[in-house]
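**Q** Starting from the known structure of chain A, fit chain B with the ligand onto it as the hints suggest.
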Amino acid sequence: MMIDRLKETPSQTAGPYVHIGTAPQSIGRPPLAGQPGPRVEAEGERIVIEGTVFDGAGAPLRDAMLEIWQADNSGRVGANGLFARCLADFDTGRYRFETVRPGPHREGQPAHVALLIFARGINLHLHTRIHFPEDRERVVADPDLRRLEPEARETLIATQEAPGHYRFDIHLQGANETVFFDI
Amino acid sequence: MTRADFYRRDRSQHPVPLSPGYKSTVLRAPLRPLHSVEQSALERSGPALGNTALGPLDHDLIRNAAQGGDALGERIYVFGQVLDENARPVPNALIEIWQANAAGRYAHVKDGYLAPLDPNFSGCGRCVSDGEGRYLFRTIKPGPYPWPNNGSDWRPAHIHLSIFGEAFAQRLVTQLYFEGDPLIPLCPIVNTIPDPAAIDRLVARLDMRNQEPFDCLAYRFDIVLRGRRQTHFETRPEGA
Ligand SMILES: [Fe+3]
Numbered sequence: 002m003m004i005d006r007l008k009e010t011p012s013q014t015a016g017p018y019v020h021i022g023t024a025p026q027s028i029g030r031p032p033l034a035g036q037p038g039p040r041v042e043a044e045g046e047r048i049v050i051e052g053t054v055f056d057g058a059g060a061p062l063r064d065a066m067l068e069i070w071q072a073d074n075s076g077r078v079g080a081n082g083l084f085a086r087c088l089a090d091f092d093t094g095r096y097r098f099e100t101v102r103p104g105p106h107r108e109g110q111p112a113h114v115a116l117l118i119f120a121r122g123i124n125l126h127l128h129t130r131i132h133f134p135e136d137r138e139r140v141v142a143d144p145d146l147r148r149l150e151p152e153a154r155e156t157l158i159a160t161q162e163a164p165g166h167y168r169f170d171i172h173l174q175g176a177n178e179t180v181f182f183d184i
Numbered sequence: 004m005t006r007a008d009f010y011r012r013d014r015s016q017h018p019v020p021l022s023p024g025y026k027s028t029v030l031r032a033p034l035r036p037l038h039s040v041e042q043s044a045l046e047r048s049g050p051a052l053g054n055t056a057l058g059p060l061d062h063d064l065i066r067n068a069a070q071g072g073d074a075l076g077e078r079i080y081v082f083g084q085v086l087d088e089n090a091r092p093v094p095n096a097l098i099e100i101w102q103a104n105a106a107g108r109y110a111h112v113k114d115g116y117l118a119p120l121d122p123n124f125s126g127c128g129r130c131v132s133d134g135e136g137r138y139l140f141r142t143i144k145p146g147p148y149p150w151p152n153n154g155s156d157w158r159p160a161h162i163h164l165s166i167f168g169e170a171f172a173q174r175l176v177t178q179l180y181f182e183g184d185p186l187i188p189l190c191p192i193v194n195t196i197p198d199p200a201a202i203d204r205l206v207a208r209l210d211m212r213n214q215e216p217f218d219c220l221a222y223r224f225d226i227v228l229r230g231r232r233q234t235h236f237e238t239r240p241e242g243a
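The listed protein sequences correspond, in order, to chains A and B.
When you line the first sequence up against our numbering, it's residues 2 to 184, in that order.
When you line the second sequence up against our numbering, it's residues 4 to 243, in that order.
Rather than coming from a laboratory, the hints here were simulated on the basis of the structure.
It is possible that some hints are incorrect.
[What the hints assert, rightly or not] Interface residues of chain A toward chain B, partial, derived using beta-carbon atoms under 7 Å: (1) Pro25; (2) Phe84; (3) Arg121.
Given the structure is predicted, the values throughout are model-derived calculations rather than measurements.
In this text, a Cβ means the ideal position worked out from N, Cα and C, and glycines have one as well.
Pulled out of the complex, with its shape left as it was, chain B reads as follows:
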């Protein structure tokens, strides 16, 4: 059976490819219009990476690289629900994340920022959404860091996310930010997104009800992937 197409990607909700304020886009953004084609069976399906057998600490960045102690920093949960544009939960979605440590330094050979590494933190995590599309990470809040763009620009605290839903058409890589961070409106990468309401949807919300008392704060971040077109066939009541 051929499954339904996905809604066209609403590019007004995404960053502008050529955004000179973010200098790396100048030589890397394609300049010709994208070529519109029918979605094929390839794009309507995707790898079942949600079936990957994960390690028990893959979602716990406080412990998953520990060398005898917890990672340093503000202990947080990052959690939420993966939905599609039809507001249906997306179960079995693979979410991979990477982030800087509490001082703003990445455990990466190419990061030369002077802030210290944390021997108990690698900044790598992953999890799979459950039957209701819910996911949870435990980590530390990453620090902001400077980068050479317009002189020394500063990235707001952020976590990078890579998400696989059920189809290749839903593939998404993004970054989440933290409510109340004054660096968000100053960030050239954030500002590649023209729509302020779209930027707001990348901001994780402090959620005091879901804190772990005397342990962890909690930030909620819901993720919306593309949804399939509703066909009359699908919505016709049984027996009609």
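Bound conformation, chain A alone:
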């Protein structure tokens, strides 16, 4: 039976003052109880993912909000999934998540972290995936990612800077424009 579907509420930009509602501690106010921050507390191998979001002129976004959602260390999602939120640094634009390495995904996909980006000038949040360089072969073979040009696919793989320490920069435009997904 066909029913009339409702239409999704349209998105609007998070704007430059997103901190007030989502991370008041980042503007010197008391934090709200239970509000997610940039550190995940869970069992597993501790890892750091950090980076910068760059605009089309190569300038860092200093007002972005980023959110991650990932499997736990045994690959479980749903109620076991792990979430964190980070506001870019006002001075440098750097973001930094402290989390645990996600376990292997069940669907034959390389382990990844889903990443959302919200900011002034971004009218509808952007959705991308962070993969790990140790999984490069599986990323290349992934049915969803195989269709990408190799250079584009490379934008979805973090760089290891030290053991357990990854860098994942996001380029909104330009030759290295990050691949964003229509999920």
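**A** Leaving out everything else, chain B with the ligand in the frame of chain A:
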């Protein structure tokens, strides 16, 4: 059990990413097409932030930052229902809001607008939808404010909202406007949305029946998140 996929996002109902009338989009909108992929178990699930233990005044912006007095301004309720595209209520949705004060000034280190701060108002609130998807905030109506875009553009009065439904695919950040505001059609951010009917769905409606007499006006704003595809399995009558 793997839960059903969500309907594809209908991007005709959303703003155009590159909208030169809103200048910040020019260097921040990706220029390449989005890459379509299957939704994974990650996108079909999400953090259960609706289980967060909220403070008793988190939804009451008139009092939740008070230093001995109520926030100044036009006292309002903002309330409504969170639904999905299948018109099913979404219970346990976390709604976080932020807004300017009655004079149009944000309590934010980066806001330099000359209008005064209100020591009794922080502009930060949150609540969780109940079993029928209903939510309620008490706040003051925010003032319009100027911003440097095309010279001095003015934002209509608005409240920013961030919503978590049951899945990451439903994540939504938006803004609500107020019925009758003459600044709505002049706003470059509003006008990033090409469909006038979609803009209309961001306008909260004055609802006199739900006012608090001699206290608060009421504005109704329903929120629709993406819905899951209906499978034959789900709709098959029991025993069939
Ligand atoms: Fe605003």
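**Q** Would the hint on A:Pro25 stand, with a C-beta cut-off of 7 Å toward chain B?
**A** Given a least distance of 5 Å, the restraint on A:Pro25 holds.
**Q** Is the hint on A:Phe84 kept, meaning its closest Cβ partner in chain B is under 7 Å away?
**A** 4 Å, holds
**Q** Hint check: is the beta carbon of A:Arg121 less than 7 Å from a beta carbon of chain B?
**A** 5 Å, holds
The structure fails none of the hints (numbered hints given earlier).
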